[in-house]
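Chemist: Line by line, the protein sequences are chains A and P. Counted the way numbering that gives the first Met the number 0 counts, the first sequence spans residues 0 to 59. Counted the way numbering that gives the first Met the number 0 counts, the second sequence spans residues 0 to 226.
You may find that some hints are simply not true.
Unchecked claim - Residues from chain P that keep clear of chain A, each with C-beta distances beyond 10 Å, as calculated:
#1 Ile19
#2 Arg67
#3 Arg69
#4 Thr94
#5 Ser176
#6 Gly209
As the list claims (entries may be wrong) - Below, a sample of chain P positions facing chain A; criterion: calculated Cβ distance under 8 Å:
#7 Ile22
#8 Phe43
#9 Val45
#10 Leu85
#11 Leu86
#12 Val92
#13 Trp98
#14 Ser212
#15 Leu216
#16 Ala220
#17 Arg222
Since the hints were derived computationally from the structure, they do not count as laboratory data. Ideal Cβ placement from N, Cα and C applies to all residues, glycine included.
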Amino acid sequence: MSGGAQYVVAAYAVIWFLVLAYVVVLGARTARVGRQVEAITRMLDRREGREGDDAAGGAD
Amino acid sequence: MPGERAALIWGVVATILVVISTIGVFLVAPEDADQGVIQRIFYFHVAIAIASLVAFAVACVAGILYLRTRNARWDDVGEASIRIGLLFSVLVVITGSIWAKASWGTWWVWTDPRLVTYLIVVLIYAAYFVLRSSAEDDRRMRYSAIYAIAGFASVPLSFYSVRVAESFVHPVVFTGSGANMPGSMLIWFVVSQAAMIALFIALLEVDLVGRRSERALRRLALRLENA
C-alpha cells in the first residue's frame, strides 16, 4: 500500500475491532443473564417438584 | 418489550448507515488534494469525536434527571452513555494518533491544545468509574450524577480550545462561517456522523436492555430466596 493507505486501514481496523470487542462484552453479559434465568427456572422446577411431592405425601 | 425493539431498530439503522458511509468514504468521496488518502481518516475520526461528546451530553442530562427524580433508570442511562463515550474517546485518540503519524510524522504533539484538552476530557471521564466503584447504592448514583454534570464542563474546554489558542497544528474544519470542505466531501461526513450517532444509540439501547434484565433478575432471585 502506498501514499499512507496503510494508516487509513489501521485506523479503520482499530475502530471496528474495539467496537466489536465492546459488542462481545455486551453479548457476554446477555449470556450471563440467560444462565441466571436458567438457574432460576431450575430452582422453580425443583421447588414445584418438592411441593408436588409434599401434596402427594399429604394425600396418602 | 419496547427497549428490545428500540435496540433492534437502532442496530439495523446503525448497520445500514455504517455500510453506506464505508462505501461512500472509501469509494465515492473525492481524494483530498493536499493530504491524499490519509484525509479519509477524518470522516470517522471527527464523527466519532462528535458522537463521544454527544454521549457525554446525554450523561449530563441523565445526571440532572436522576437528581430531580431519583429514578435509577437515569443512573443506568448516565453510566452506559459515559461507558460508550469513553470507548469512542479512546478511538478518537488512537485514530488521531495514527492520522498525526501519517500527516505530521509524530504520534502525539504535547503542545497542541486540542490534543491535550481532549486527553484531559478522556481522563476526567475515566475517573468517573473510579468514583462509582468507591460508593454504594444511592450514594453511588448521586455522586455519579453530580460528577457527570460537572465533568461535562470539560467538553466545551476541548471544543473551543483549538479556536481560542494562538498556535496549533490541529486543523479546524468547522468554523463559524461553515464547513471548510467541498459539498462532495461534506455529504459523506454527514452520513458518517449519522452512522456514529446511530451506533451510539444502538449500543446504549442494548446496554440498557441488559441492565434492565439484570435488575429484574436480581429482584426475582431475591423474592424466590425470601419466599
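Chemist: Looking back at the hints listed earlier, which ones does the structure fail to meet?
Modeler: Per hint list: 4, 6, 7, 9, 10, 12 and 17 violated.
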